[in-house]
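> Chain by chain, the residues run as shown.
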Amino acid sequence: MGVNRRDFCQHVVYIGFGSYLALAAGACRCRSEGDTALALRDGPGYLTAREYQTLAAACERMFPADEDPGAIALGAPSFVERELSSGAFTGWQEFFRESLGDLDSDALARHQKSFAELDPAEQDALLETWVHGRKPRPLFVSRLMHLTLEGVFCDPVHGGNKGGAAWTLIGFAPSAPRPGDPHQM
Amino acid sequence: MADSVDVVIVGSGAGGAPVAFELARAGARVVVLEKGRALGPEDMVHDEIRECRRNLFVPFVHDEPHTIRVGHERAGERTAEGWTANVVGGATVHYSGYFFRMHPVDMRLRSTLGAIDGAAIADWPISYEDLEPHYARVEREIGISGRARAHPFEEPRSTEYPLPPIAEDPIAAKIDEAAARLGYHTFPTPRAILSQPYGGRPACMYCSLCGSYGCEMAAKSSMAVSLLPAAVATGRCEIRPRSMAVEVSVNPDGRVSGVVYLDASRQRRFIAARCVVLACSALESARLLLMSRSAQFSSGLANNNGLVGKNLVFSGMGRGQALFRRERPARPIERFPFVQRSMQDFYFNAAGVEGARKAGTILFDWAHANPIFTAERVANSNGKLLWGKALKDKLRRDVGGARRLQFETFSEYLPTPGTFMDLDPDVKDHWGLPVARMTEKRHPQDYVASSMLVDRGMALLRELHPDEWSVFDTRGVTRFLQGGTCRFGADPGSSVLDPWCRAHEVPNLYVTDGAFLPSSGGVPITLTILANSFRVASHIAERFQSREL
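Read top to bottom, the protein sequences are chains A and B.
Residue numbers in the first sequence follow my numbering, run continuously in steps of one, and reach 185 at the last position.
Residue numbers in the second sequence follow my numbering, run continuously in steps of one, and reach 1549 at the last position.
No wet-lab data here; the hints were simulated from the structure.
We treat Cβ as the ideally placed atom computed from N, Cα and C, and that holds for glycine.
Hints are not guaranteed to be accurate.
Restricting the straight-line Cα-Cα distance to at most 30 Å, the calculated cross-link-like pairs of lysine-lysine (DSSO-like) are [to be verified]: (1) B/LYS1174 x B/LYS1384; (2) A/LYS135 x A/LYS113; (3) A/LYS113 x B/LYS1384; (4) A/LYS135 x B/LYS1174; (5) A/LYS162 x B/LYS1394.
Chain B side only, calculated, beta carbon under 10 Å to chain A, not exhaustive [what the hints assert, rightly or not]: (6) ARG1326; (7) THR1374; (8) LEU1395; (9) ALA1402.
Quick list of the computed label-pair ranges, beta carbon to beta carbon [stated by the list, open to error]: (10) A/SER142 x B/GLU1548: 54 to 60 Å; (11) B/GLY1199 x A/PRO44: 49 to 55 Å; (12) B/ARG1266 x A/LEU139: 32 to 38 Å; (13) A/SER85 x B/GLU1129: 58 to 64 Å; (14) A/SER142 x B/ALA1167: 34 to 40 Å; (15) B/ARG1037 x A/PRO138: 35 to 41 Å.
My request is simple: use the sequences and hints to build the entire structure.
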């Protein structure tokens, strides 16, 4: 299951360069949203800090804060990174790293800012071009949505859906027993 | 040390468990090979991530793909479709337990409907009356909740249900009234869920996450909590989890000698048996036969007439839904997770209704409560991805602020020459074995039947005056329900199995999952697989006792 060792090592070497360049190119002025995202991160994962902020910002666009908490406050980006690291999704780890780098490059090319620094409207517009633009890359957005919704609506035992707030939004009540409950049979 | 028993059964679900239970009780030494793991109540924790989305009960597609194609030209695409389970107890562990019997017309489709162009329909070699006592037996043995004589289209029954229907949402009464206004007849859906304590197991506690989950209470009547433990308790039945059968071996005399399998550490092992029973799903049993090549059976075991894998059927499916808005509940809990209503007014109509004579069942229930699944459905509705604030608003309005009543139809899936399974020439699983490839070309009449049922289901939903309603699908298919790859029949030239589900070409080889089915019926087929398995098991037991095996 998952990514085999040889592929994994190749990916790390290849991606190492890309992220180094991306990091060097951007003056990382983190906005408060980015700080929150990093604060809720479960320690460093397989992404660089900059890639993680791009991921967090993109997750937040999928499920933004309004009168109810958004993806970052719910802990979804950290969940997404951990699931990608686990190897449960064959090939997705590398795919996400590349896509996040490209998303950031697109932001730099268009606005001379990192993706995380863009206004939400600019971020949405950029993601929209990935779905419907002239050279669409809808697979990234659909996979991002797949994992973001898992991080938003999963049982809080997985680190996402903090306080079960996303369940409240849709009127879902969990059933007993829950994951992590001591089992009595 | 030679590993040798009387009977080896491949697969521990609805097809295999009754054989293990009956033969162990009759004194035979039985081993059940199951490629999945054994799960206990500690694994059943209502975790959507682990149980539904990380495949606790079914294989990962990158480990064990199936492939599927429409028409002959293209290569098969990898898919998880066609898997039913990968766990001790089979799909009965995570099913919803809709336990309908087939109707007498299902066994007489060819003589009732006559020839249908492009459809390979056939009468069964047995009648409903032959199967009826075994239906009653299953309902009694594992515990089925329902109400007999609840509607005029019911199949003939010799017995009451052993348990009354499970609790229903108050909307069931409104559905009954709406149905009566339309001249329809709704009835409580029979379920493999205990409404009261039964056989040492407790009643359902209405947790709201049932289908797609295991039951920590053992109130769901799965094989893993009913027939399998009873078989093991005889002291003569052993279940071997994580044992992947790869070949059924044949002696020079043409009888099978046992099964080669890979154990948990991928060691190749052989277990000898006087009789081999395949019951690992219609697709996988046929795959195992096709992988078992020998001098006597060069194109696969029991396949000298080339029919293994042919006549594949699934279940035709249509869906519709209605939204009922409500105040956002202060304390969000659903006391009654089950609607518990079905309708069979259009199961069979000799004159035809909108061109459909044989159709099937309409089953009403609340939309599944799974939060991630629900959010994905809303995000992907209307064919484009919805995200951001618009998605959240829609989730609050249509999920938090509404209940969604839906129906699913189960209708005839006609066998056609263009729908079959074979071994994929290119794709292998993680054991290096060729995978099952499905080729599908559906009969247009299937859509006539499912569209007619969807129209009727929508009429009933609209009669409830919902705030919104929509048709989901009129041309769907449920591949959890599969049959036909080893059709049974009296004629060895046109079938793989004889009327006792013994291979025409191999005297000590049986197949007892859905593979025997010449027709899909208009109901979920699980109860029929169980009933037939009991019927065949009693026959095998007799052959053992008379020393024929």
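> Verify the interface restraint on B/LEU1395: the C-beta must sit less than 10 Å from at least one C-beta of chain A.
holds (5 Å)
> Does the hinted range 54 to 60 Å hold for A/SER142 and B/GLU1548 at CB?
holds (58 Å)
> Could you check the hint for me, namely that A/SER85 and B/GLU1129 are 58 to 64 Å apart, CB to CB?
Between A/SER85 and B/GLU1129, where Cβ atoms are some 59 Å apart, the hint holds.
> So, B/THR1374 near chain A? Judge it on the closest CB pair being under 10 Å.
holds (7 Å)
> Please check whether B/ARG1326 passes as an interface residue: C-beta within 10 Å of a C-beta belonging to chain A.
holds (9 Å)
> Does the Cβ distance between A/SER142 and B/ALA1167 fall inside 34 to 40 Å?
39 Å Cβ-Cβ, so the 34 to 40 Å window holds.
> Given the hinted pair B/LYS1174 and B/LYS1384, is their alpha-carbon gap at most 30 Å?
violated (34 Å)
> With the threshold set at 30 Å, check whether the alpha-carbon distance from A/LYS162 to B/LYS1394 stays at or below it.
holds (21 Å)
> Are the Cα positions of A/LYS113 and B/LYS1384 separated by 30 Å at most?
holds (29 Å)
> So the hint says 35 to 41 Å: do the beta-carbon atoms of B/ARG1037 and A/PRO138 match that?
holds (36 Å)
> Is 32 to 38 Å right for how far apart the beta carbons of B/ARG1266 and A/LEU139 are?
holds (34 Å)
> Given the hint that A/LYS135 pairs with A/LYS113, does the C-alpha gap stay at or below 30 Å?
holds (21 Å)
In summary, the structure is inconsistent with hints 1, 4 from the numbered list given earlier, while agreeing with the others.
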